[in-house]
Amino acid sequence: VQLQACGGGLVQAGGSLRLSCAVSGSPFAIKDMGWYRQALGKQRELVATITYGSTTTYADSVKGRFTIYSDNAKNTVYLQMNSLKPGDTAVYYCNLERTYGAVYWGQGTEVTVSS
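Per our numbering, the very first residue in the sequence shown carries number 156; after that it's consecutive.
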């Protein structure tokens, strides 16, 4: 399976971006998919996840601003990011976990929020 993430860029504080993560290969036995981010000099952290049944979870820092959703027909997961803050600046990674525990990562897409 391959995960292709895109949609990052440079945006001013208060702006919006939408990240996409397309899954190709073998989109079966999916437990959940998620977005993580890693800022320079910091550890990778969870941003949001969505289960195959569309149950979502969010980091406290993004609740109310970010929305994760999926289009199962397109095997794509999105992260709509609104009211962006400079603290959201990071490389964002998508992730897929299978029901039997295998985990896959996409390449990162960089988000920079200027003040």
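Please keep in mind that the hints were generated in silico from the structure rather than gathered at the bench.
There could be a bad hint or two in this list.
Unchecked claim - Distance condition first, Cα-Cα at most 25 Å in a straight line; then the derived BS3-like pairs of lysine-lysine:
id: 1; residue 1: Lys-186; residue 2: Lys-218
id: 2; residue 1: Lys-197; residue 2: Lys-218
id: 3; residue 1: Lys-240; residue 2: Lys-218
id: 4; residue 1: Lys-240; residue 2: Lys-197
id: 5; residue 1: Lys-186; residue 2: Lys-229
Restraint status (C-alpha distance of Lys-240 to Lys-197 at most 25 Å): holds, 17 Å
Measure nothing beyond the straight line between the CA atoms of Lys-186 and Lys-229; if it is 25 Å or shorter, mark the hint as holding. Holds, because 17 Å separates the two Cα atoms, which is no more than 25 Å.
Straight-line alpha-carbon gap Lys-197 to Lys-218, limit 25 Å: This hinted pair holds, its Cα atoms lying about 20 Å apart.
Take the C-alpha atoms of Lys-240 and Lys-218, compute the straight-line distance between them, and say whether it is at most 25 Å. holds, 13 Å
Does Lys-218 sit within 25 Å of Lys-186, going by the straight-line distance between their CA atoms? Holds, because 22 Å separates the two Cα atoms, which is no more than 25 Å.
The structure is consistent with each of the numbered hints, conforming to all of them.
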